[in-house]
Every structure is written in structure tokens, then in C-alpha cells.
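Please work from the sequences and hints to get the whole structure.
Residue numbers (numbering that gives the first Met the number 0), protein chains in the order written: chain A, 0 to 268; chain B, 0 to 332.
Relax, there's no trap hidden among the hints.
To spell it out: a stretch of chain A is covered by chain B in this simulated footprint if at least three of its residues, at any positions, have a beta carbon under 8 Å from a beta carbon of chain B; those stretches are:
hint, region
1, 211-218
2, 224-231
Selected chain A positions facing chain B (Cβ under 10 Å, derived; list incomplete):
hint, residue
3, 221
4, 235
5, 238
6, 239
7, 242
8, 265
The hints are simulated quantities; they were obtained by calculation from the structure and are not laboratory data. Think of the CB as a built atom: it goes at the ideal place given N, C-alpha and C, for glycine as much as any other residue.
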Amino acid sequence: MLLAVFIGSATLIAGISAWQLRKASANPRTRLQFSMALWVIALLLPVQIVVGDLHGRHSLHAQPQKVAAIEGSWTRPAQGAGEPLRLFAWPDMQERRNHLEVAIPRIGSLYLQHDLTSTIAALDEFPAEDIPPVTPVFFAFRLMVGLGLLMLGQGVVSLILRRRNRLYTARRWLGACVLLAPAGFLAMLSGWVVTEVGRQPFTVYGLMRTADSLSSVSRAQVVGSTWLILLFYLLIFGIGLWVLLRLLREPPQQDQPGPQPTLGDETGH
Amino acid sequence: MDTDWLTLLCAAALAFSVMNYAVLDGTDLGVGMLMGLTRCSEQRRAMAVTILPVWDANETWLVLGGGGLLALFPLAYAILLPALYVPFIVMFLALIARAMALEFRDCAANEQRKRVVDGVLALASLLTGFVQGVVLGTLVQGVAHQDGQYIGDGRDWLNPFPVFCGLVLVLGYVWLGTCWLYWRTLDELQRHSARQARVLALVVAALLLVLIAWTATLQPQYARRLADIRLWLPAGLIVSALGWVFSKGFHSRFDFIPLFAALGVFVLAFAVMLVALFPFIIPPDLTLSEAASSPNSQIFMLIGFAVLIPITLAYNTFGFRVFSGKVRVASDG
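Quick look at the structure:
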């Protein structure tokens, strides 16, 4: 999570710096923030992938249904055949199988078990009432990994452009960085969906089911408060994002005042 | 009483957090409410500047209190939160609105918009303080439960007693706010705050007396405890002493004295409430021991509290020391 937070902030900063550089590519402060953000991406993304792999191996051991749902694996492949890497599929909870599956054989075993032949527990090995909704977990995981690979690519390209001294000027590269600005946060949210939806139907895995952890608050109150919170957040964070983007649009200038320039004097210090 | 010492320690840690929250954030909520009462924009800015550096540290105690209740007395949490679902949601949304209004009021483009932002700030502070009083009132009034589940309709708080408690707490917070402003400001605003603080002291004292009398009618235990000379005699003596200090404080060199006397009254009122409730965490029948978590969780949490409480106290104190000077607002920023 800590790594993800760094990376999320780094893609955002790289994105807004790229936006500023497209207008004023000579500003030294913008260049500095762009460079720092890209160093973070280039250095931390490989670490994040290694940590993610360890995390996945832990989940395989601790919550096997989650990994089976991530893989969209309904039945275990034959002995020695290895797990495929499913690039796309439409999981069907009723028929308990995938439609439109596009997969590469054996590659799944490579990242799941670090060989080409082992398999993992499939969804049909668990009672039907104990598996999570497969579709959101399956797609959220692919979104997360896809964005992760894009950011890895961003880090690699940044190193190449840095060597060629075109880091601050290549227009299409800057445009791509702007597009990737929300990538880190989107990946984080997708990972959250994988974790939370993938653990269903349990609140505490194996101990307490979500249906049993319901409180006595009435349905009307929950629905009402959820709408209220959603509207409120939309308003507050909408205004917040608008203010933030307005501030970030302009490149930083020399001798810029801080957010509360007079506060120190006013409070007697 | 067969409450074991570990549970007592947990109750003390929780009570300490909640009390700290009430007196610390209560003060800046009071200032927030006062900002809705003045037309002068320079005074409003001065008021905002006095609480701007410290309000968020004050709210740390709310997190400690809420987290502590969940981990130390899960049964009480499971009953109270559903019973007070609507007020709590309102309070948290109001706290968010308040935080945003306070932090970003200087970003408002013109005077008119700033007035709207300050209106939001005052209204949200009022709602927050009112809800906190309602919550305490509902707790004292008692919450119906069965097998560790809340069994009411979620409207227990919509009764005269909790609503009256909300009113008392709002006026109490405003009183703390005026004392705070007397300490932290100068000139006209300071003089005005002193006048308000004196009047409010009498109002709050009268309301507290009504509150105590009303509380005594709710449960036989409350009446017994509150009528016990071992409670009301020391409490009465302390309040008289605090009242004397409060009125003398306005003539001393130390402008913080009235605030500290007012805080003392708050702490005392809170303590009296705890004495009336003990050994129950949710009247009329859920005791601290019944609601407590397992000794393992208690010890785990208490170790956490033993680390967090000194740290929180230290940075609160540091914050107040750094920003203890008089606020001088040059111009409306």
C-alpha cells in the first residue's frame, strides 16, 4: 500500500508536470518535479511488481478462492498442463464457466507457481456459496495489472529518454504522461476491488460471512445515508479536485507565496 | 462492584479520550459557531486564525475515542452505533464540511462568498456540537438492546432529554469559544468576548442545574448517586471555586484563566456523568464488564493507548505553545 501510494502520487505529479512542460518546457522547477516523479516510477514499479508477486503467493495460500476468481479458473487443467494466462474472458456465474476466453497456455503457472506445469485450486473445488462474484474480481485485476505494466513502461521509456536528453521535450511522450496521470490511483482502486470483492462472501475470511455481519440499522437509513454520503463526497471532492487542478495547471514560479503566508505573523510568532 | 482492574483501566482510557475531545474540539466548535454571529469580516478572520493551527490535532481524540470504543467495548459499540446511526452520519458530514470551510475560507474569491463559507462553518459547527450533546443524552437516557443487538427504531435520540442535552452542549461549547477568544484576541473582539463569556457562564450554570435535576428523574440509580453527599458536596465546592476563579480571571494578567476555569467546569460535569453511570456503559443494564472485549484485546489496545495518549498530548501541548500568542490580523486576506 505504501508503495502504491508513492506510485499513485508519482504518476499524478508526472502527469501535471508533463501538462506544464507542454506549455513551458524550460521551467526548472517543473523539470525537477517531473524528473523526481519519473525516478520514483522507474525505481518503485519493479519493486511493486515483486511485492505484488509475493502478495499473490500469500493469497494463493490464505484465500485460494480469490486467486481462482482472479484467474477466472473454473476447472483445474490436466496434470502437468499448467495454468493458462487468460487475457480476456466473460465469466458466467450461472453456467460456472467462461465465455469468449482468450488465453496463453502455461504462462499462468509461471507467475502463480514460478514453473510451467503446476496448477492452482479452481473455483469448482469450492462450495458454490463460498466463491466471490468472479466478473468484477477478474476485470479489476486485469485493469490493475494492465495499468501497472503501462507504468512500468513509462518508467523504462523515461530512462531511455533521459539518456537521449529528450525527457522534457518529446511531445508525444509528454502527452502520454498526461494521460497516465490517474493511472496510479485507478490501479490502487482496482486492487481494492480485487481485495474486497475477492474476499466475499466473507467479512472475516472463513470466520464470518458478510450476510451475518449485518447490523440492525434499517434498510431505509442505510440507503438514505449512502446517497447522502455519495452526494456530499461528490460535491466536496468535486470542488476539491476543481481547486486542485486549477492550482496545478500553472507551473510553479520563483518566490511563490505559501498557502497561508501571513499566518505565522498573525498568531504571534 | 466486580469490575476487574483491566476493564476499569480500559474505561478510564476511553473516558479520557472522549473528555479530551469534548473540551479541546468543543472549544474550536464554539469558535466556529461564534463566527456565525458576527458581521465584521476582520473579526471573523481573527476567530478563524485562532483555531486554524490547532483544530485538526484536537480531532485526533475523536478517532482515539471511536477506535477505543470499538476495540475495548465492542458490544457497546455494536449497540450504540446503530442506535445513533443518523446523528453520527450527520455529525461526520458536518465535520467534513467544517474542515473544508475552515481550511479554504481564505481561497474564497470575494467577500460575499467568504460570508457563505463562514455560514457553512458556523452551521456545521452548530450541528456537530448539537449532535454530540444528543449522543451523550441518548446514552444517559438508556438504549434498549437484546442479545448484543440494538432493538429500537433508530429514533431514541429524537426525545426531549437528548435534544435538551444537545442544546446545553451547544451553549457550553459557545461559552468555551468566548473564553478562548478572550484569551487569544485583542481589543474590541476581546472585550466583546469577555462580556459574552460572563453572560454565558450564568446561562450554562443554570442549564447544568436543570440537566442534573432532569437526569435524576430518569433512573433510580442516577437519583441515588446524584443525591449522595459524597458527590454533590465536593462537586459543589469545586464549581464554586471555579466560578470564583472565572470571574477573577478577567481582572488578572493571565487571559487564559477564564478558559481554564470553564474547562474545569466541563471536566467536572463529565466526571459527574461518569459517576452517575458507573458501572454501566449503556444504561439501564449493560455493564462495563459485560461489554468489554477479551483480556488479550484489552492489553493489546492499552499498550497502544499507552503510546498514543502521551504522543497526542505532547503534540497538542506543543501546538498550543507554538500558537499561544495573541492573534493580530493585519487585513482581511
